[in-house]
Amino acid sequence: MSLHDEVKKFVSGLLQRKGTFVDLGDDTPLVSSGLLDSVDTIDIVTFLESRYGLDFGDIGFDEDRFESLATIVQLVEESGKSPSAQRD
Amino acid sequence: MAGGQEAQTEIRCFNLSNRVFEHSKTDGSRLAVHAGGIDLTYAELSSLAQRIAAWLTTGPARAPGFVGILASRSVMAYAGVLGTCWAGDAYVPLNPKLPEERLAQLIDIIKPAALVVDAAGMKALTGRARAAAPARVLTSFDELPPGDPGGRPREVGAEDTAYMIFTSGSTGVPKGVLVPNRAVVHLVDILQRIYEFSANDRFSKAYNLSFDGSVHDMFTAWNAGASVNAVPASQLLAPLKFIQERALTVWASVPSTAVFMEQMRMLQPGAMPSLRITIFSGEPLPLRSALAWQRAAPNSLVDNICGHTECCVFSILERLTDPPHVTPNRGLVAIGTPLPGFEAAVFDERCAPLPPGRQGELALAGPQVAKGYFQDPERTAARFPVIGGKVWYRTGDLVYVDETGLYHHLGRVDNQVKIRGHRVELGEVEALLAEVCGSDSVAAVAWPVDHGSARGLVAFHCAAGASAQGIREALMKRLPPYAVPYTVRKLDAIPLTENGKIDRRTLVEMLERETAG
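Protein sequence lines correspond, in order, to chains A and B.
In terms of this note's numbering, the first sequence has 220 at position 42, counting the first letter as 1, and numbering is strictly consecutive.
In terms of this note's numbering, the second sequence has 255 at position 244, counting the first letter as 1, and numbering is strictly consecutive.
Hints listed in this document are in silico derivations from the structure and should not be mistaken for laboratory results.
Take these hints with a grain of salt, some might be off.
Lysine to aspartate or glutamate pairs mimicking EDC-like chemistry, simulated, CA-CA at most 16 Å apart [unchecked claim]:
(1) A/K196 x B/E525
(2) B/K252 x A/D215
(3) B/K252 x A/D240
(4) B/K252 x A/D233
(5) A/K186 x A/E255
(6) B/K252 x A/E255
(7) A/K187 x A/D204
(8) B/K501 x B/D451
(9) B/K108 x A/D215
(10) A/K186 x A/D221
If you're wondering where the values come from, they're calculated on a predicted model, not measured in any experiment.
With the sequences and hints as input, model every part of the structure.
Below, the structure is given as C-alpha cells:
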C-alpha cells in the first residue's frame, strides 16, 4: 500500500469509529470541519510516529498539518521518512 | 479637598485598563502583546484601547453596557477587551468557533452596545448571527477615531461589571456570569504577591478569551508590565516549539496540554528551561503528567489551581512538592488550600458546613465571588446563597479536607463534566439532543474519563429515523465544538434508575464492556 493509501485507511477508520461516513477526498477538511477533534489528531500522531518513525518532539506540533489527507501525507514526505524504509 | 482627590484615585484603580495606561507612560516601548505575528508595545496597546473607547462612547450618552468581543488570539481581541474596560463598559467574549445559531442566541441574550470583531470573527458573523448583531461593529483599526493624547481610562466602581463569561446551562440555555472589577483587582493583587511577576516575564496566552483563565493571562501580565504571547490555535495541543521560541517564563493552561505533550513524548528533561512559573487549572491535574512537566521545566514552579468562573478564575492552590500531595486512589495532585482572601467550606445538601474528612460540596466566599448570573435571579439565589451575612458560591465540586487541611477533589455533585477544561452540563446537550431526535429518550455521558478529564461525549438515542451523522451535524450547528458528542449511538431503550432518571452508570459500564471485549 502506498503512503497515501495507508494514511487514508487510518483516517477513514478513525471517522468510522465516530459514526461518520464521508467520501474522504485528499482535500476534505478534517479539523476545521469538526470531522476530527484535537484528540483524534493525537491518534494520528501516534500512528505516524509508530508507522513512519516521525518524531513530533523535533518537528513540532501544528494542528493545521492535520487539516486534510494531503497535508498529513505531505508532513510524512517532508520528514524524509519513506514508508518503504519502514515496511515490515 | 485632598480627601476627595484620594477617593478619586482609588475609584480609578478599579478600571482594569489603568495599568496599561500607566505602563504606556513609563515603559511605553516594552512589549505588551504578541499575537498572530504582530507585536504591540504598551504605548501602542494603550493608544488602541483609548481609540476603541472613544469609538465606543461617540454619539448620545448611554449607560455602561456590554461589548461583545468576537475575536480570538488576535491583536484586535486584546485591544478590544482593553478598550471596552477603558470606556467603562463590560466585555463579553464570543468565541468565533461558535456555530451561527449559538452565536445568534448569545447576541440576542446579551444585546451588546457594540461588537469588536477580528478576521476569524467576521467569518462567524453570518446569517442569523449577523442579523442579531448591533449596528456598531468594529472590524478594523482604520475605522477608529484619532487618539486623544490626554485621554485616560474612565472611572469605574468596584461593583461595576468588568466582564461576563458564558458557561453551559443545564436547561439548554447558556448562563452569563457577571464578574465585577473588585474581583479581578483582588485576583491580580494576590497573584502578584504570590509570584512576584516582573516586566521581564513573558506570559503565555493559551486560554481562549471565552475561558476565564484568559483574565489571568492578560491582566496579571499587564499589571506587571510583562508581555502576553498568544499561542496560535494550531499549536495549542502541544506548544513545545512556541514555549521555546518565545522563551516564555509563565505558562498557564489546562492540564490536558501536559497530558498530550507527555503522550507525544515532548516532555524531555530540560526541554523548557525558560519557564519559571507553570499554572495548571480547569480540570484535575494527573500526578504523572505534572511530574513529567516538572522534569521538562526544571526551573519552574508547577502549581495546580482550582477555579470557577463564578469566583474569578483562581481560588484554591496546590504547589507540586517532593514528595507530592496526592489525592488517594485517584492519581491526582491535591487541590490544596484557599488563596488569600478566600474562605472555603465543605457544605452538605442544606448548606451546613461539614467537619474535616467528610465529603461534600465545595463552597467559597470572599472578594472574588461574582455578582451572579445575568438576568437569572432564581439561579443566582440558588448558587450564591447568603449565609451568616456572607455571599457563598456553591461550586458543585465534590471535595473533602484531609487532616492536614488540604482540599481534595473527588468529582461533581451534579451532571457537569469537564472536556479539556471546558464546562459542559450534560443536561444542556441532552436538551438539544431531544430536540434534534424529536424524542426525550436520549442521554449523554462523558467517556472515556481519564484522571477526571473526559475525552469527549457519547450520545445515545432511540429515534428510529435518525442517523448518527445527521444528529452530529445538527448538534454541530448548536453547540460549541467540544460539546458535540464524538460518537452517537442508537439503543432500543435508554436505561433508567429506579427514580426514573437516566442511568448513566449503566451506559458507561456498557461502553467499558465493549472496549474490554
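Checked hints:
1. Between A/K196 and B/E525 the alpha-carbon distance is near 14 Å, which keeps this suggested pair within the 16 Å criterion.
2. This hinted pair does not check out: B/K252 and A/D215 have alpha carbons roughly 21 Å apart, beyond 16 Å.
3. Straight-line distance between C-alpha atoms of B/K252 and A/D240 comes to about 10 Å, which keeps the hinted pair within the 16 Å bound.
4. A distance of roughly 13 Å separates the Cα atoms of B/K252 and A/D233; the hinted pair therefore holds under the 16 Å criterion.
5. Distance check on the hinted pair: A/K186 and A/E255 sit about 15 Å apart at the alpha-carbon level, within 16 Å; holds.
6. With a C-alpha separation of about 21 Å, the suggested pairing of B/K252 with A/E255 is violated against the 16 Å cut-off.
7. Taking the CA atoms of A/K187 and A/D204, the gap is near 12 Å; set against the 16 Å cutoff, the hint holds.
8. Restraint check for B/K501 and B/D451: the C-alpha separation of about 13 Å stays at or below 16 Å, so the hint holds.
9. Of the pairs offered as hints, the one joining B/K108 and A/D215 holds, with about 13 Å between alpha carbons and a cut-off of 16 Å not exceeded.
10. Between A/K186 and A/D221, the direct Cα distance comes to roughly 14 Å. Compliance with the 16 Å bound is thereby established for this hinted pair.
Going down the numbered hints, you'll see the structure goes against 2, 6, while the others check out.
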